[in-house]
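Enquirer: Residue numbers (numbering that gives the first Met the number 0), protein chains in the order written: chain A, 0 to 400; chain B, 0 to 256.
Treat the hints as calculated values from the structure; they're not laboratory data.
All C-beta atoms in this analysis are idealised placements derived from N, C-alpha and C, irrespective of residue type, glycine included.
It is possible that part of the hints are untrue.
As the list claims (entries may be wrong) - Interface residues of chain B toward chain A, partial, derived using beta-carbon atoms under 7 angstroms:
#, residue
1, E46
2, A152
3, A155
4, M157
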Amino acid sequence: MVPPPKRKNPLRRTQAPLLPPSARSRTALGITAAAAQGRFVLQVCAACETVQYPPREICGACLGDELAWRAVPSEGTLLAATTIRISGDPYFRERMPWRTGTVAMDAGPTVIAHVQASLVPGDRARLVQKLDRAGQGVMVALPLAATHDSLDDPMMRELTNDPQDRRVLVTDGRHPIGQAVARALLAAGAHVVLGIADIWKPFASVDGAEMIELDLTDADSVRRCAAAYGGRLEIVVNTGLYTRPGGILARGDLTTARVEMEAAYFGPMRLAQALGPALRSRAADGTHPACAWVNVLSVYALTNLPSWGTTSASQAAALSLSQALRADLRPIRVVNVLVGPLDDEWHQTVPSPKVAPTALATAIVRALRDGIEDVAVGDVAQDILARWLDDPKILERELAT
Amino acid sequence: MSSLADFAADLASGSITVVDLTQTLSADFPTITLPPEFGQCAPFRLEEISRYDSRGPAWYWNNFSCGEHTGTHYDAPIHWVSGKDFPNNTVDTIPASKFIAPAVVIDCSKETAGNHDFVLTRAVLETWESRHGHIPAGGWVLLRTDWSKRSGAAYANMREDGAHTPGPDPEAVRFLVEERDVLGFGTETIGTDAGQAHLFTPPYPAHFYMHGKGRYGLQCLCNLDLLPATGAVIVSPPLKIQGGSGSPLRVLALVMA
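Next comes chain B alone, as it looks inside the complex:
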């Protein structure tokens, strides 16, 4: 128990700082867009119930609506067909212990600044490991691209042939899952996969392999530039939606000051 007390004291003293990795849930934040003949994820919407007025004189509150994959959100294994048969693969059944875990941050912000279609490869990961050591099992791997500093059209970056945003290739994801046994993969972009990831084999490798091994995803993260390469702890409990494939959530990082 003494270590928890120390932890609380470190938080209070500021020697551990809390970094918010969450984008604000708002109606104008871009949402994943599929071809129009497919079902679509609902964007975030807010409807006022009352605001100290005739509808409720002393109180202000809203109804909101959105999809499970709107804004900064969590992907459970059941989200992808490759993860559909795992036990405890929905947000309500994933063990709560999985919601607090260490993270490493792979900084590719310089590369993505000049290349919107930057692909995270096994070679990039191995170069990172040569400087920072082995990617630990049971932790998050977060891809820093500084994409979250963009907004609106520059963030979605949609062209005639679809979105152009960075992401991992199949080999990199298999390396993380099969050889490093990571907990999950997180990005600053709308999805864990690259904007053009439908052209990979298999398509959407971060979804296919991560969820195919029962691992998790985080996307639309921000403030990854405030995290160290190693040593941060991520707190990321999704909403406990019965049978849910994911959920918007608040993602916090604990960092030694």
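For reference, chain A alone in the conformation it holds in the complex:
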């Protein structure tokens, strides 16, 4: 395990963040797309079923040109491994030594992968696809029997965002999600700073969390938070999911819609503008650098649910903001957690299945630990996401009934 961070030497310059090599062909981005969701895929030829590696346009066995990305068995045997001690690449130069090797996959191909420290040639290995600090998919060979702790080494830390010993801002302690996420992060070993808006109204504290005044709709409040915490946060979790029932015509005015846009779009933008630059500048700071920004979003950001029409529209704006932040904040990982109806007061009349805030919190901690950036939590969110991936137009029509 990586020991807790030491206090910084204030006379030393903070190391500036660098990105690992990130050029990929459009085809090779299939690995990135899978890694983003924590899946493992390779191209498989529709004609001869040959599993392909590296990614390519034409089947290496039969020249077939229909190569779909499919889940394939990810186990294999480590053929050879080498420890790289010198690299010309600026990112890897700072992270030497680094192990790489070749794995003969049971599925067919032999692949080049990053290799976890304990593996030796001849060992059985499990390949995973992870996002690196550039946000690109890479392959990593891990031991078959591995625990979370046994994998916690400097290489895996580059590919994951474990909240252990990191300082995390959770934006909205008034929201049941914020309360649950704060508790889950504390249990995962994080130091939690929990924001409370309208501090003049009664609120519930979370034991062990540092409660602060924070209202994302108030520019001055966000500025004060950034001044106090900007340089000492490693993860931000935006839990202010503001969802209210009501269609566009049923509402009849913009009052609630404006509040929704403030909560989903303008507020998080304020926070990103205030905290983002400091967070990004500390993305290579020590053993526990700044690493992640988590947004909790309604799955109806993908396709509007007209009975929650204004909320869906504000969530679409939030999703778009999040996509832009992914580019701007790099190498900070922006994690989007999509969720369907929550088991909260605003979904009282909505039938099950609904997502408990604790289940959402567990999923967020897992996504951080696993280095995933796109998560759908609960049956409804997973179903909507699957239908959206299948055909967005069909889903739009289905939801518009």
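Since the structure of chain A is provided, determine the placement of chain B on it from the hints.
Expert: Okay, now just chain B, sitting in the frame of chain A:
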């Protein structure tokens, strides 16, 4: 004209002093809170346009947003359903002459210190009159509670069953409107009514009866402890919002030194 010149001279010499009865408009000042399923009054918010920077090199300015009933604010009769049909019942049509008027101050600060749910009754008003004389027609009645010296949670004073702040009962408001013909009623708390005024019959009597007779309201006032029981003159022109039900405003009191 000589009296206006005297007035100006008294202001300049300091024999008339100006007391600011206004709370600072800021994002963290408590705003009236309704049950969440109702529409809500927006709190005060400030967004910088430029500050001697690339967005405007030599000037500093902001956009602000808020509700008509945010911060120290004025209530026009149209604010309440009981006052909806009066002529000139909006902030833009109320005669400007109504914006300068004398005021009496009912000091209940000792009572409210020990009782957050203190109720201003007709009996309290009559006791006050026995010492200070009749409450004059056409003037403001300001309820001093020293509530403005509180801040944050203590100011809003919200509990499980709602806010607990002082205010008048229905009989007291009817007495002021029907028997004393006052111009309006002003308080230091978030509303002219008590925090628990929804339990009165009718609910929110200060709103119901004051606006029901075309009278006005002032709330979130401060510095009432600097005013005499009688003799102050209040200057309180709201923003001229077309059809507006109220507005944040600067409230000044003129007091003989």
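Enquirer: Please go over all the hints and tell whether each is borne out by the structure.
Expert: Verification of the supplied hints:
1. E46: With a closest approach of 6 angstroms, the E46(B) hint holds.
2. A152: Where the cut-off is 7 angstroms and the nearest Cβ of chain A is about 5 angstroms from A152(B), the hint holds.
3. A155: Constraint on A155(B) satisfied, holds at 5 angstroms.
4. M157: 6 angstroms, holds
Going down the numbered hints, you'll see the structure goes against none, and every one checks out.
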